[in-house]
Amino acid sequence: MSRSLTPVNRVGVDERAAALGRRSIKTTAKREGIRLATSMIDLTTLEGSDTPGKVRHLCAKAVCPDSSRPEIPSVAAVCVYPALVEVAAAALRGSGVAVASVATGFPAGQTSLKVKLDETREAVAAGAAEIDMVISRDAYLRGDDARVAGEIEAVKEACGAAHLKVIIETAELPTYAHVRHASELAIAAGADWIKTSTGKSTSGATPGVVLVMLETVRDHAHRTGEIVGVKAAGGVSNTKAALHQLVLVKETLGDEWLTPERFRIGASSLLNDLLMQYAKLDGGHYGRAEDFSKE
Amino acid sequence: MATVERTAVKWDYAPAPESRDSATIKPRYDLFIGGRFVAPTDGTVVSTVNPATEEVLAEVAFAGPGDVALAVEAARGAAAGWAALPALERGKYLFRIARLLQERARELAIVETLDGGKPIRESRDVDVPLAAAHFFSYAGWADKLQYAFAGREFAPRGVVGQVVPWNFPLLMAAWKLAPALATGNTAVLKPAETTPLTALLLAEIIEEAGLPDGVVNIIPGDGSAGASLVRSDVDKVAFTGSTAVGKEIQRALAGTGKGLTLELGGKSANIVFEDAALDQAVEGIIEGIFFNQGHVCCAGSRLLLQESVAEEVVRKLWARMERLRVGDPLDKNTDVGAINSAEQLARITSMVEAGEREGATRRSVSCALPEAGYWFAPTMFLDVAPANRIAVEEIFGPVVSVTTFRSPGEAVEKANNSAYGLAAGVWTDNGAKAFEVASKLRAGVVWQNTYNKFDPTAAFGGYKESGFGREGGPAGLSPYVRFGG
Numbered sequence: 000m001s002r003s004l005t006p007v008n009r010v011g012v013d014e015r016a017a018a019l020g021r022r023s024i025k026t027t028a029k030r031e032g033i034r035l036a037t038s039m040i041d042l043t044t045l046e047g048s049d050t051p052g053k054v055r056h057l058c059a060k061a062v063c064p065d066s067s068r069p070e071i072p073s074v075a076a077v078c079v080y081p082a083l084v085e086v087a088a089a090a091l092r093g094s095g096v097a098v099a100s101v102a103t104g105f106p107a108g109q110t111s112l113k114v115k116l117d118e119t120r121e122a123v124a125a126g127a128a129e130i131d132m133v134i135s136r137d138a139y140l141r142g143d144d145a146r147v148a149g150e151i152e153a154v155k156e157a158c159g160a161a162h163l164k165v166i167i168e169t170a171e172l173p174t175y176a177h178v179r180h181a182s183e184l185a186i187a188a189g190a191d192w193i194k195t196s197t198g199k200s201t202s203g204a205t206p207g208v209v210l211v212m213l214e215t216v217r218d219h220a221h222r223t224g225e226i227v228g229v230k231a232a233g234g235v236s237n238t239k240a241a242l243h244q245l246v247l248v249k250e251t252l253g254d255e256w257l258t259p260e261r262f263r264i265g266a267s268s269l270l271n272d273l274l275m276q277y278a279k280l281d282g283g284h285y286g287r288a289e290d291f292s293k294e
Numbered sequence: 000m001a002t003v004e005r006t007a008v009k010w011d012y013a014p015a016p017e018s019r020d021s022a023t024i025k026p027r028y029d030l031f032i033g034g035r036f037v038a039p040t041d042g043t044v045v046s047t048v049n050p051a052t053e054e055v056l057a058e059v060a061f062a063g064p065g066d067v068a069l070a071v072e073a074a075r076g077a078a079a080g081w082a083a084l085p086a087l088e089r090g091k092y093l094f095r096i097a098r099l100l101q102e103r104a105r106e107l108a109i110v111e112t113l114d115g116g117k118p119i120r121e122s123r124d125v126d127v128p129l130a131a132a133h134f135f136s137y138a139g140w141a142d143k144l145q146y147a148f149a150g151r152e153f154a155p156r157g158v159v160g161q162v163v164p165w166n167f168p169l170l171m172a173a174w175k176l177a178p179a180l181a182t183g184n185t186a187v188l189k190p191a192e193t194t195p196l197t198a199l200l201l202a203e204i205i206e207e208a209g210l211p212d213g214v215v216n217i218i219p220g221d222g223s224a225g226a227s228l229v230r231s232d233v234d235k236v237a238f239t240g241s242t243a244v245g246k247e248i249q250r251a252l253a254g255t256g257k258g259l260t261l262e263l264g265g266k267s268a269n270i271v272f273e274d275a276a277l278d279q280a281v282e283g284i285i286e287g288i289f290f291n292q293g294h295v296c297c298a299g300s301r302l303l304l305q306e307s308v309a310e311e312v313v314r315k316l317w318a319r320m321e322r323l324r325v326g327d328p329l330d331k332n333t334d335v336g337a338i339n340s341a342e343q344l345a346r347i348t349s350m351v352e353a354g355e356r357e358g359a360t361r362r363s364v365s366c367a368l369p370e371a372g373y374w375f376a377p378t379m380f381l382d383v384a385p386a387n388r389i390a391v392e393e394i395f396g397p398v399v400s401v402t403t404f405r406s407p408g409e410a411v412e413k414a415n416n417s418a419y420g421l422a423a424g425v426w427t428d429n430g431a432k433a434f435e436v437a438s439k440l441r442a443g444v445v446w447q448n449t450y451n452k453f454d455p456t457a458a459f460g461g462y463k464e465s466g467f468g469r470e471g472g473p474a475g476l477s478p479y480v481r482f483g484g
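If you read the sequences in order, they're chains A and B. When we follow numbering that gives the first Met the number 0, the leftmost residue of the first sequence carries the number 0, and every step to the right adds one. When we follow numbering that gives the first Met the number 0, the leftmost residue of the second sequence carries the number 0, and every step to the right adds one.
Worth flagging that the hints you see were computed from the coordinates, not collected in a lab. Hints should not be assumed to be uniformly reliable.
As the list claims (entries may be wrong) - So the derived list for chain A, only partly shown, Cβ under 10 Å to chain B, looks like this:
id	residue
1	ARG9
2	LYS29
3	ARG217
4	ASP218
5	HIS219
6	THR223
7	GLY224
8	GLU225
9	GLY228
10	LEU257
Idealized CB from N, CA, C, for every residue including glycine.
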């Protein structure tokens, strides 16, 4: 069966996304925006060199990003590879910060379904409350939507009570119309969240792809009443970019979507820039990078 | 241990007003005639107000008939010298004006917003950069005219009289002056009654650029000054404004041998097909009708929706309209500013009342409007019959009339069913359909999957009662020359 794509106009999307990037966010709006963005972060480390020690440090930072400013909230979740879920779960117990884990052969997804399901079950058993899966781009690009959907459904089942975020890896999709189509496919197959990127490809959560995905969940909510979250991951590395994401959410979906229950930002270096910018609002000058711990 | 805050917050943008500090408005401005600012001889002095607050910004001299004659005389005196100047030198003056416009961009944007009520976002990102771009573009043409006219003999018209409207005061002055000067004419420009300030700043720039005295004369005034100017000893008239005034001018000039171009009103159709990218079409509808509060001659004021998607588009459009930020034009986050004048507000109000009386369904956004100043909430009319006044007459405000069609043929018929023919928009993801429909539309500009995009290299102008003659690009040069040996 051939695919039917809902038309999406690239020029128009990019123009609208760029226009929203020109909103002027100053003073109190900037202060509140930084705190809000902080609360939406999935603080992420996905490196071959990750160790239990590094993950524990990251978890401490996730719970209390800046000990000198208690008004800065905890982040939403810490995102790690499955092997480190247990460490993160222990470090975050009782904090309200969730453990998220990339399963399903992250980032390429080029493993068998059996391996993907085993990895998912193990991560959940070790304490992951959220699973970030990748779709099989090879199948998607071949036009095998049934296989993509079937895998999502199977992983969703393997998640049990854990929430499923489906990464469509927008950098590897041909057009915005495919971003919308893949988003709809993931939602229909049971995704609790749709997520832009692995952070391991050529581009990430550009304002344009996030806008298309926000419009997709908005239309889905209108049609069915169901809320599907959006996670922007990859490339949102400074305060300006994060506030731009908040503007996209606010002006596409409305204020009720400005919550970590519905919108997340997957990032590793963003948090420190938010803290530096927040400190600048108090002190009037930028701090030094070394004043803020990386972990 | 801290816990995650999981409550939705109401996150709104703090006020972000552009500072007025970088713009100094003088208490009084005089007429710019013969290279000097001079007091009117038989004119008056009038206050110009900020339509967003009704605050008086400055006193401005308005030209009387004697002043108009003096300005035309000054232009006449400068004509031979300017025309005889090597074309490359004329181009240099235009480049200088363009650069000075850029240097004073911030100031010009602030004054444009204060005097006219348009959002600073638009004056900063559209009006001022495009005005500079027009001067740059025509500066480049000045010494290449033989390529624009393909081997034909040509000479400047001489003295041109130019009358511009209040909706894009600086930009329209640039549209008029740049091609006139590039082709070797001298000019008398009359800015609009309610928005004279940026044209007077342009006069300062022209003075600073060192143009020979009398090449450009700028004389604010009301309609009577415009009427004197078009009837004076000029060789060509260029007018942008209402169709009613355009007809008067054409009557007055008939048989005189004077050149004339008219850029008049419109009731442009924005056509959305069922196979369009609907979210982007909605953005284009918004841009088409709420840009500059709908004070745009080519505004997409008649929205034609294919019936199969009409409900969805109207729903999305309404949701988008409710997010428009209406208010202080100087705030960098304002999307819709103030109505230009009390008179225009009265006209919009009366048209909207007529729409309600004729049975169309009115929906206006329930945004808080400031107490002082002139404001009108973004409005759509549904169930509009083609015969209703709001479907036929230009409203020139933030009001869109929505109607439906069933086939491409019907869309074309409805779009063309107008006394006007300035612009149109076509929204479809199907390229063949877009070109077929565009070729059948009787409109001077057809935008495909976009709206209200302007560029100095593109010709702009109308069919039917939207006027004649083109502005912009090489086509915008020919009205300013006389062909033949």
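Q | Hint status (Cβ of THR223 (chain A) to nearest Cβ of chain B, threshold 10 Å) | A | Result: violated, 15 Å to nearest chain B Cβ.
Q. Do the numbers back the hint for GLU225 (chain A), that is, is its least Cβ distance to chain B under 10 Å?
A. 17 Å, violated
Q: Against chain B, run the beta carbon of HIS219 (chain A) and see if the smallest gap drops under 10 Å.
A: 13 Å, violated
(Q) Restraint: GLY224 (chain A) near chain B, CB-CB cut 10 Å. Satisfied or not? (A) This hint is violated: GLY224 (chain A) lies away from chain B, its Cβ roughly 15 Å from the closest one there, beyond 10 Å.
**Q.** GLY228 (chain A) as an interface hint toward chain B, with CB separation required under 10 Å
**A.** Cβ of GLY228 (chain A) sits 13 Å from chain B, so the hint is violated.
Q: Report holds or violated for the interface hint on LYS29 (chain A), using the least CB-CB distance to chain B and a cut-off of 10 Å.
A: Given a least distance of 8 Å, the restraint on LYS29 (chain A) holds.
Q: Tell me if ARG9 (chain A) is really an interface residue toward chain B, meaning its C-beta lies closer than 10 Å to one of theirs.
A: 9 Å, holds
(Q) Take the shortest C-beta to C-beta distance between LEU257 (chain A) and chain B; is it under 10 Å? (A) 5 Å, holds
Q.
Quick check on ARG217 (chain A) please, does its C-beta sit within 10 Å of some C-beta on chain B?
A. 9 Å, holds
Q) Holds or violated: is there a CB of chain B closer than 10 Å to the CB of ASP218 (chain A)? A) Holds, about 9 Å.
This entry does not satisfy hints 5, 6, 7, 8, 9, going by the numbered hints stated previously.
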